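Please take these sequences and the hints and turn them into a complete structure.
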Amino acid sequence: MIYRKEIDGLRALAVIPVVFYHAGIGFFSGGYVGVDVFFVISGFLITSLILKETSDGNFSLLSFYERRARRLLPALFFMMIICIPFAWILLIPSELESFGKSLISTSFFFSNILFWQESGYFSSPSDLKPLIHTWSLSVEEQYYLLFPFLFSLFSKNIRHYLIIFLIIIFFISLFSSNWAAYNKPSANFYLLPTRVWEILSGAILAFYVTRNFILIRRKLIRNLLSIFGLILIIFSIITFNDTTPFPSFYTLFPVLGTLLIISFADSSSILGKFLSNKFLVFIGLISYSLYLWHQPLLAFTRHYLGESLSNLNIFVILLSSLIISIISYFFVESPFRKNRQRFSRSFIFKISIFSMLAISSVGLIIDQTKGFRSSFVSSLDLEIRDRFEELEVNAARNFFEDIRNENCNFWSNKVDENFKKNFDRCQKKYGEATIVIGDSHAINLFNILHEKRKINFLVGVSDGGCRIHHEWRCFYDDFLYFLNKDSNFGNKIIYHQSGIYLIDDRFGNSNSVESLREIGPPRINYGSINKIIEYLDRLQKNSSIFWLGPHPENIENLSSKILKNKNLILEKNAILKNSLLSRNLEDHLKDKQMINFISFDKLYKIDTDFLIKENCLTFRDRDHFSICGEKLISKNIQIKEFEL
53 MIYRKEIDGL
63 RALAVIPVVF
73 YHAGIGFFSG
83 GYVGVDVFFV
93 ISGFLITSLI
103 LKETSDGNFS
113 LLSFYERRAR
123 RLLPALFFMM
133 IICIPFAWIL
143 LIPSELESFG
153 KSLISTSFFF
163 SNILFWQESG
173 YFSSPSDLKP
183 LIHTWSLSVE
193 EQYYLLFPFL
203 FSLFSKNIRH
213 YLIIFLIIIF
223 FISLFSSNWA
233 AYNKPSANFY
243 LLPTRVWEIL
253 SGAILAFYVT
263 RNFILIRRKL
273 IRNLLSIFGL
283 ILIIFSIITF
293 NDTTPFPSFY
303 TLFPVLGTLL
313 IISFADSSSI
323 LGKFLSNKFL
333 VFIGLISYSL
343 YLWHQPLLAF
353 TRHYLGESLS
363 NLNIFVILLS
373 SLIISIISYF
383 FVESPFRKNR
393 QRFSRSFIFK
403 ISIFSMLAIS
413 SVGLIIDQTK
423 GFRSSFVSSL
433 DLEIRDRFEE
443 LEVNAARNFF
453 EDIRNENCNF
463 WSNKVDENFK
473 KNFDRCQKKY
483 GEATIVIGDS
493 HAINLFNILH
503 EKRKINFLVG
513 VSDGGCRIHH
523 EWRCFYDDFL
533 YFLNKDSNFG
543 NKIIYHQSGI
553 YLIDDRFGNS
563 NSVESLREIG
573 PPRINYGSIN
583 KIIEYLDRLQ
593 KNSSIFWLGP
603 HPENIENLSS
613 KILKNKNLIL
623 EKNAILKNSL
633 LSRNLEDHLK
643 DKQMINFISF
653 DKLYKIDTDF
663 LIKENCLTFR
673 DRDHFSICGE
683 KLISKNIQIK
693 EFEL
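To get this note's numbering, take the position in the sequence shown, counting from 1, and add 52.
DMTMM-like mimics (lysine to aspartate or glutamate), calculated; alpha carbons at most 20 angstroms apart, straight line:
(1) Lys593 <-> Glu484
(2) Lys613 <-> Glu623
(3) Lys473 <-> Glu484
(4) Lys330 <-> Asp318
(5) Lys153 <-> Asp179
(6) Lys683 <-> Asp454
(7) Lys657 <-> Glu638
(8) Lys687 <-> Glu458
(9) Lys153 <-> Glu193
(10) Lys613 <-> Glu359
(11) Lys390 <-> Glu118
(12) Lys624 <-> Asp661
(13) Lys616 <-> Glu441
(14) Lys544 <-> Asp530
(15) Lys330 <-> Asp60
(16) Lys537 <-> Asp468
(17) Lys236 <-> Glu170
(18) Lys466 <-> Asp530
(19) Lys583 <-> Asp530
(20) Lys583 <-> Asp294
(21) Lys613 <-> Glu444
(22) Lys422 <-> Glu441
(23) Lys613 <-> Glu147
(24) Lys506 <-> Glu458
(25) Lys593 <-> Asp529
(26) Lys593 <-> Asp476
(27) Lys624 <-> Asp653
(28) Lys665 <-> Glu608
(29) Lys616 <-> Asp433
These are calculated hints, taken from the structure and not from any lab test. None of the values given here were measured: they were computed from a predicted structure.
And the structure:
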């Protein structure tokens, strides 16, 4: 197969945005699409190679899997082995236990399934997981375990039926991913069935390229199409963000862009020459090692220094990633791939199996000992141990199972028939409802109001991650339709959400603790705020609308505060940022007479000493109240602000 420098250059344009995205650089808010570019490239190159070998009559399944092992396993296992001592030193037992599971699943290429199972709203942040990025390797390898066998089932005489079959699977997977993006987002992101269409797009292209079916010869048109492909990828990188449903029809932008570049950028084209420059080709050559190493370095540094990294921290990590990747490429990846005399097929298979078993055995020991929890806890001072164990108990509780449902005080994360029946039943009994909508912070508020036991008809319609200003609509459209069509009584509606999603950090990222740490006024995201106002305006029919402002959130994770023996207080700057955000929201809503904004301070004032009250932790994690915190606030809350 003819080597194409421009494809290595394209690999560079894929890996750089991924690395910058994981580093939290805001301009690359959609940098994760680089993984999708890799999927397309992989599908194209490997299918092209299989087609050529089949045409030459020398395709072998054994040779195919040998190449995959040489390409992926030495560098991957080397990275995993180096990660183990750092995980031992830096991770607390629950995190170390999760790391142990990821060692096992990554060794056998099902880490995407593990991370899907761990992807609940209250799981550890993905940027703190050293091996989270291996999900994409698992997706690829699951595909390549199946594809060669599928290919061999179709003899040369009926291979055109294989193309038809792949096209059918492509469309089934594409439409499934778009549906799942809004209904099963975690499974959609991690699992092969909704990702396979991206790899298949490259595979299908390989069939047509090898048969010379792409007949556009005019240089101008080829140049324009390849440049348009680059524009599609760049557009995705700078406009997509964490709220973009993905993968979905949106993913067609980077996928189509990659297909256009592969099809029409060659050594004689404008873009082909640009992608073939020495720097991009070199980055493309080390892209696999760079992809492997950047995430562990970022994750372990965040564990050591805190989730918020300075510009200098980020620069040092990125430079270190580059240096280690170069070392990995020249001394690990390249020798195993190219030196077939020194590393025979038999040796590759034997060392691969041994490494898989050895690493997964370490992972199993870590998992079975729950991250060596007993020895870890026994090493702590008594006071720290008590707080740490209290935090573990809080974190182990199922947040959603702790929601207090009772008679006509009930919660739901969807407006379905069961919800409507309950609502109608209680409406007939009590008339007006108090309805709390929003994200997981609204669940805390629902529990607080329920604990007060002064509201006969209290309804919670909320869910983790469900905010009005996000692309996925959760229950909001259904709730609006239900309220304006089916409800004839006046209701009180209270909207409440996390404030960290309404302010940006220096890179333009929302949901960044750096935005709470930075000195100076908060960078208010008025685009998100205006989307909330627009929605609340539409709820006005027969209802009184309240927007309860956000409460202060911790900057640092509670486990870090406890284990570093820091003062267990809420950071002053976080409280100040929250206060300034609330003032801005109040000013912004002055002209909206139908929306009543209430600062959280008017219900309950949270000061620096709030974290420990009545000898218990009032937060279960960085930003959610514990049951103790909910009860404490409920006991002292001033609900007259809601006219309840």
